[in-house]
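A.B. asks: This is what each chain is made of:
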Amino acid sequence: MFQALKNFYHKLGSFPWFYKISGKVIPFLGFFSILLIVISSIWGLFFSPTDAVQGDVYRIIYFHVPAVSVSQVIYYSMSVAAAVFLIWRMKMAGVYIKSLAPIGAAFTFIGLLSGAIWGQPTWGTWWVWDARLTSTLVLFLFYLAIIGMQSTFASRKSADTAVSIITLVGVVNLPIVKKSVDWWNTLHQPASISISGESSISSEMLIPLLLSILGVYLFVFFTGLLFMRAEISSREQNKEWFKKLSSNN
Amino acid sequence: MKQHRLRRLYGVLFIVFCSALAFVLVYFAIRDNVNLFYSPSDLFENPPQGRNAIRAGGLVEIGSLRRSTDSLEIEFIITDLKKSIAVNYTGILPDLFKENAGVVATGYFDKNKMSLDAYQILAKHDENYVPKEVKKALEK
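Protein chains in written order, with my numbering: chain E, 1 to 249; chain Z, 1001 to 1140.
I should point out that these hints are in silico values taken from the structure, not numbers from a laboratory.
If a hint is listed, it holds; no wrong ones were tucked in.
Subject to a maximum C-alpha distance of 30 Å in a straight line, what follows is the list of computed DSS-like cross-link-like pairs (lysine-lysine):
| # | chain 1 | residue 1 | chain 2 | residue 2 |
| --- | --- | --- | --- | --- |
| 1 | E | Lys6 | Z | Lys1002 |
| 2 | Z | Lys1082 | E | Lys179 |
| 3 | Z | Lys1002 | E | Lys91 |
| 4 | Z | Lys1082 | E | Lys178 |
| 5 | E | Lys6 | E | Lys157 |
| 6 | Z | Lys1083 | E | Lys179 |
| 7 | Z | Lys1002 | E | Lys157 |
| 8 | E | Lys178 | Z | Lys1098 |
| 9 | Z | Lys1098 | E | Lys179 |
Facing chain Z, from chain E, some residues (calculated, C-beta under 10 Å):
| # | residue |
| --- | --- |
| 10 | Ala52 |
| 11 | Ser79 |
| 12 | Gly124 |
| 13 | Thr134 |
| 14 | Trp184 |
| 15 | Ser200 |
Pairwise CB distance ranges (calculated):
| # | chain 1 | residue 1 | chain 2 | residue 2 | range |
| --- | --- | --- | --- | --- | --- |
| 16 | Z | Phe1028 | E | Pro16 | 46 to 52 Å |
| 17 | E | Phe221 | Z | Met1001 | 25 to 31 Å |
| 18 | E | Val80 | Z | Lys1002 | 17 to 23 Å |
| 19 | E | Phe2 | Z | Phe1028 | 38 to 44 Å |
| 20 | Z | Lys1136 | E | Ser151 | 53 to 59 Å |
| 21 | Z | Glu1075 | E | Trp127 | 25 to 31 Å |
| 22 | E | Thr152 | Z | Glu1075 | 53 to 59 Å |
| 23 | E | Ile147 | Z | Ile1030 | 26 to 32 Å |
| 24 | Z | Leu1072 | E | Ser151 | 51 to 57 Å |
| 25 | E | Ser77 | Z | Glu1127 | 22 to 28 Å |
| 26 | Z | Gln1003 | E | Arg156 | 23 to 29 Å |
| 27 | Z | Leu1081 | E | Thr161 | 52 to 58 Å |
Quick reminder that beta carbons are idealized off the backbone N, C-alpha and C, glycines included.
Just chain E, same shape as in the assembly:
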């Protein structure tokens, strides 16, 4: 079992293997993620019941929650990759961070924007400097820093090392984003979905929400693999295996 895991780990580090396998799963991921997003959007926007307090404006939840949730998960996964890069010097981890950072930044931005659009009619303001909103903005800034640092180094290896360090520095912010609504007085409400206990959102509203979360996660897998392939082909364009691959096609 351990040996199999170890083999898989070594394969993950191999660019030709990754390039071959990812090419096979990308069409399926693309199809199912977009299908799920379309279904959950139509379900959430037209068929799920109207909220008793907020009215129809609550439907922004079907975009807001998947976006902010995936933006945090991407950052966690990037910090694992950062540790892998620093300890094992696995080049694939550097490719992973570089490819996923723009996706994470985009979803954090969607989360902030959709939250502001929801906040204006419900709270009465677009933005407030409470702990949840501010720490999410900090997460967005860490993403921007990671993206910006990629091009400030002459060598690929130093860029990947520096980016890995800044990624690890930012990971401490994530528990703060998560717990801010419990630790301090905030305008933002606590979580409605609970894994351990009972969710405080009715099941008719929850099912399309879970579908939309699943759809967005698959979409991130889809775009993540696409971006990684693009990054690999730009880094490896002069290598034998890549030339052979391109001449075959």
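Since the structure of chain E is already known, use the hints to place chain Z on it.
C.D. replies: Same frame as chain E, now just chain Z:
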């Protein structure tokens, strides 16, 4: 694990530790300002000094809302079910503002009258999402 990898693992842990320490120190230094608003109990215990604007938050006490008949002026009481303070405000209210719902009011605090002269009212939404029909059925 090989020696040089172990050393780098310690390096990684050290980075995370230092960063965590930095975040903890920052949040410790600004702990009083991280809270978005004071509850009425906070205001009774530690009335704010000076003339800066503050935010007070809690529930709009049931039956406390008074609207002026010829202007946008309103008066109500914010309570945390232990202490309460009076608030007056002139202007447009957010959609979710109502009695027994969460509210955050920004304005100037009068220590002598324990009242807040608010210039901004924000409604606070809770984590409960209930369909209209279900709520109607529950209230019957």
